[in-house]
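Trainee: Read off the chains here:
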Amino acid sequence: MQEVKLVIDNLEITVQEGTTVLEAALQNGIYIPHLCHHPDLKPAGICRLCMVDADGQMLVSCRAAAAEGMVVKTGTPAVEKVRRLAVELLIAEHDAECLTCGKNFNCKLQEVTRFVQIDRERLQELKASERKPVDNSHPFITRDYNKCVLCGICVRTCDEIQGAGAIDFALRGYATKISTFGDNPLRESACESCGECVERCPVGALLPVGFQQPSREVETVCPFCGTGCGLFLGVRGDKLVSARGNPRHTTNKGRLCVKGRFGWSFVNSPERLQAPLIKKDGRFVEAGWDEALDLVAGKLSQYRGEEAGVFASAKTSNEEIYMASKFARVVLGTNNIANVAHLCHANTVRGLLPVTGSAGMTVPAWQIRESACFFVAGCNPTEAHPVIGLEIRKAVREGARLIIANPKEISLCRLPHLRLPLRPGTDAALIMGMAKVILDEGLLDEKFIAERTINFEAFKKSLEIFSLNEAEEVTGVSKDLIREAARVYASSKPALIFWAMGITQHSHGHNNVWALAHLAMMTGNYGKPGAGVAPLRGHNNVQGATDMGATPAWYPGYQLCPGYELYPRFNKFSSSQEKFEKAWGYKLPDSPGLSTVKQFNVKAKGWGGAAMRDLQQKIKAWYIIGADLVNGVAESGHVRRSLEEAEFVVVQDIFLTETAKMADVVLPAACFAEKDGTFTSTDRRVQRIHKVLEPPGKAKADWWITSEIARRMEYSGFDFQNPGQIMDEIASLVPIYGGISYERLKEEELRWPCIDKNHPGTPVLHVDQFIKIEKAEFWPLEYIPSPELPDEDFPLIMTTGRTLPHFHYNMTRKVEGLNKLCPEDFVEINEIDAADLHIQSGDNIKVISRRGSVVSKAMVSNRIIPGVVFKTIHFIESPTNMLTSSEFIDPMGTTPNTKVCPVRIEKVAIRKLEGLGEK
Amino acid sequence: MYEKHILICAGTGCISSGALDVEEALIEELKKHNLQDKVRIIMSGCHGFCEKGPLFIVYPEDIFYCEVTAEDMPELVEEYLVKGNIVERLLYKDPTTDKRVISHEEIPFYSKQMRLVLRNCGVIDPENIDEYIIRGGYSGMKKALEMEPIEVVNAVKSSGLRGRGGAGFPTGMKWEFAYRSQNDKKYMVCNADEGDPGAFMDRSVLEGDPHAVLEGLVIGGRAIGSDEAYIYVRAEYPLAIKRLRTAIAQAEEYGLLGKNIFNSGIDFKINIKEGAGAFVCGEETALLASIEGERGLPRPRPPFPAVKGLWGKPTCINNVETLANVPLILRKGADWYSSIGTEGSKGTKIFALTGKINNTGLCEVPMGISLREIVYDIGGGIRNGKKYKAVQIGGPSGGCIPEELLDLPIDFDSLTAKGAMMGSGGMVVMDEETCMVDLARYFLSFTQNESCGKCTPCREGTKRMLEILLRITQGKGEPEDIPRLEKLAVSVKDSSLCGLGQTAPNPVLTTLRYFRDEYEAHIFDRRCPAGQCKDLLTYYIDAELCIGCRACIKACPAEAITGEKKEPHVIDEAKCISCGACFDKCKKDAVKTK
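The listed protein sequences correspond, in order, to chains A and B. Our numbering applies: residue 1 is where the first sequence begins, and numbers increase by one. Our numbering applies: residue 1 is where the second sequence begins, and numbers increase by one.
Do not rely on the hints blindly, as some may be mistaken.
Claimed, not checked - Chain A side only, calculated, beta carbon under 7 Å to chain B, not exhaustive:
| # | residue |
| --- | --- |
| 1 | Leu41 |
| 2 | Gly45 |
| 3 | Cys47 |
| 4 | Arg48 |
| 5 | Arg63 |
| 6 | Val82 |
| 7 | Leu85 |
| 8 | Ala86 |
| 9 | Leu89 |
| 10 | Leu90 |
| 11 | Glu93 |
| 12 | Arg172 |
| 13 | Gly173 |
| 14 | Tyr174 |
| 15 | Thr176 |
If you are wondering where the hints come from, they were derived from the structure by calculation, not from laboratory data. These numbers come from a predicted model, not from an experiment. Beta carbons: idealized from backbone N, C-alpha and C, even for Gly.
Work out the full structure, taking the sequences as your base and the hints as a guide.
Mentor: Here is the structure:
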């Protein structure tokens, strides 16, 4: 990059070539008034305030590049005159009630006005009288047209930053305003409620509803999805009052989605648990910690081994999950330790271990924009991982190719893309079709295959008996499309594959995952920036839950437990039982444990060989931390029944969830904002969370509660004063966290593996060799149809997912504004199916599966392919998992077959659903 | 073999005065007399003399009938075509001599004109490419394709042609910029978004001689190295669009457009993009944004379109009239062209004459002709013998030229020096009954409405100026309003983003310059000298004319009029609210204003 020298107001200045005159001035401490300039956005030259005299010519400095030898004067009489007029004209239109404005002292117009100096008399002359209506339709964003200076920053933000394009200039001349399509209220527009425009509005035209200035801000990490966006939470007194993105965070770069920016108020909810509750005579009674903990310790000491079950929470910190993992094995002597990953990405994690040695996202999130091609399969990033969605949007708008495999037309489909609208559950067939094309057309990376993989021939052979015709027949996607997708994927490098529940929530989910990984392997898309696989993790710390060994198969750090020889090449890695027995100082269980579904439905078929199928329900006591299993687990009737039949259930959570209601003792936990710790994001980055405020009432951090129970059961090794000490123990036992410490995390961006304190962390996985297994291994592929398919009685396939405003069942449902944005459950149904059933949008419908029936509302659209319906997962008023099945689980990952659930839909004539929208 | 050719003007003006009915009736009559094989009807482009439409010219005799109707057809066919007697009553009557004129060349409206760009308009069938070719069409293009691009650029440069869209930028120079911009793709764009109220020269050219524009585009493409053009034309010009489409199809069929034109190895494709009615889209950068499918907003320059234009590629944008000049320059040579006009402005200019003038219509005159010749010779003077006050030139962004400047030679530079501009060539003539403050208000309200709203000075500034003007015309003006208006106008002019805002204050500034006394009369005397501003009128009853019928008394809502029956009535000025009800009601014109 070349440098240019120019003179601004007699000051000689050197800047990089391409810098604008305005930036050059601002960088060097010379103020030039401006309103429509924003460093994140392309210059627009709208406000005309940054006019300068450059070599005798009037120039708009935000658009003009600094040129060698340029002589700029920022304050000539001509410049001052033009500038003053523009400011006067703006002020005249402006509702200048500054003292009552949320942007007071933080307003660009004030800054400009102070500099330009405005003539009071002239203002009076220019003053407009008309007041314009304020758009209050949106639960989080107020647009006051009386304060708008029409700088277009919101419009450009919506386009350039968010890629939503929900707003634009409308009308002409003096009538010009910022408007949604059709001038509808913001809430009814394509607005994604991200609030990026509010963040950038230079004046008080866009403000968060009920805005309160925080008295201090604390840096931490978002508690919703696994993207791991950095944020600053604002506190005022003992309440959380604001959230804003951390502009220095490399993943979100200051951006947040609607949940991250506006979804924090659940923390302040009066429904938060404030004291331990003990069920007496069927009713909860508040208790002190001593009473509750002694009761729990006493009860739990009666159950050991296969009689005990522990559930760790993917919402809690690594330290807390580690404690739960240790607690299960040491205190309760059981490998029955589970977490929600078993309902989602366990198929990815366990599936990929024998293939590439690790299931981590291969590259950091900030490298997404370096990819040339995205294969987005079975996921909806803009709704479920919105900031990652933004990165995809940005890259695609700059030319990257986009292939989308989804029965639903997700919002990424608004970008140029190639869509493969496959039938749910047929992913493996589709990907095998693509692999076959790559193979047949010689689009392979043969060097990579030869040098870095093994067993390619077996894989190749398995494709020989598979034809494109079969792929077309099974998936419903035409051969031509499959061919084109394969060619695009194989020829645009680096390519990155995204997937989530659409791939994994199948009883053959690991096959889908294998197929995707093989696609990347055969095209050499591993070990390079922007290349590889990106399984998008759903919870803020579900990656950590897997890392910390909250699973029967391994201790913290993927160090195997005895009895898990599912992966032949892993034989050379012996069980780590001895290592952990030594470290933890207790004998650890020898027998394998049960993962999530199996804990509640021992008859679930698929995993563990014939012997495991005839297990009897043996768990009599559960310690459930931060998970609403009654809503979360497929075929949730089993969970309800198991918990009802259990002898003792203790639930530790921040709300009295449906699951907590079934407990004998409920322990109130601190939420993410009330404690220190670390979360590990979907791209393996270990990040510090900081205590922002005190927990409500008597609530305590999960790590404290777990250790306190252990201590009261007289186990040693649980004497921690703070989470930092727990992290030190983790680092000493978990090689991939070996170099992680709170001290380093203050300054450094570390992604595991981070072996020791000098190790810089690993932004890109598998660079020289594949983790653990050195060479990636191809496996023969086979398409296995879903175990339950539609028939005459249940002719439609129900598939499930998230919506943008909500997370799961509890946190976001406690946020009034998010409930306004998405108030109730809906079932998306294709026009053709709807017409057959005489159903219209808004009709009350009954969704009936082989396992139960629930009532919901129809949303007729052509976004979903015929024969398939989409139902959200968020609403306990219409519990989706009453319908799903856990009869079949994946033999490797144990994930149930949630995404293919045959249903029948009937129109029902009820006026109002009881209880709907309340709570 | 046809014995006679009848040209019926089928420009939009004559069509709306009934030219299509005339055609239908004529066909019917010809059939009756079995003349359909002897008389050929040509629906031509605009003849320019719209005031007298529908126009009807018979060749070879060159007999000019005007204001013909379908009902005239039986007589015209019977008398003239069958019997050979000229139908006197349908001939043009010279208003000064009251004599009937037979040939259009004898009509002063035509005789002072120099019709180069309009040479084919009204003469050929615009939907027949052969007629264009017979009159030399596409020979300029052939020449250009045989020349080196830089030679074409130089030819246009030395002809002295300047852009007819408004600013008068030298066309050759513009082409040279685009020629010198290195890129694998370049675009020619024809700006046919004619938006000035009352201006319709571009429409007439497109309707009457579409091939001239196509030929101009190909020549431009050859010069700058472009193989594709867009014509951005108002959707309100359906006939122009239809004729352009026909012309493009015919030219493609003849190999004059498309792949490998004249076996030269050169390709050229022309697309039509219909505008959606925004005035600002006539501004070149807004026009480009609109073609790209964006909201039609101007973009700051630099970069200029010649460097980074349509879809970021070098683009040369020329106006319809400019492009229609180009084939002639190539055909007849730059020297011939530069011999016409003045030192700084070469060739001819088409003006749309409207307002308080006898002959409204389209006229093409050599640059340098005086305003007086246009108004009095071509335009036939002011209507109803009223006194000339001013001519507003250059559309809503133009300026007003007062009587003392009537002998001003019309060219780019002299108009700019006087605060007006050539603009696209709208020319509105005003007589003594036009209030100049109200006129400024009218034009400003147009530009204010059409401001795109992007930049502050234009969006807010024009609104504030308009508010002041409104106040003055309502008799609420303050002495400080004049300096206030001037200050605002100059600032808006200096700081607006695009040509629209930069020129919007022109009508205000020129009226302030030449008719300041009218502003002062409104403000200080609360009087409108032209008697137009309703709020400022004082009504009185002329006792001589009043017959005492009481009609005005009944009409007056303010009970300001008194008087006995059959006695002259009187208006009480103190009670009068200047609503004008009495004025409208009086059958004897006894209610007067002062």
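Trainee: Provide an ascending list of the numbers of those earlier hints which the structure does not satisfy.
Mentor: The structure breaks only hint 1.
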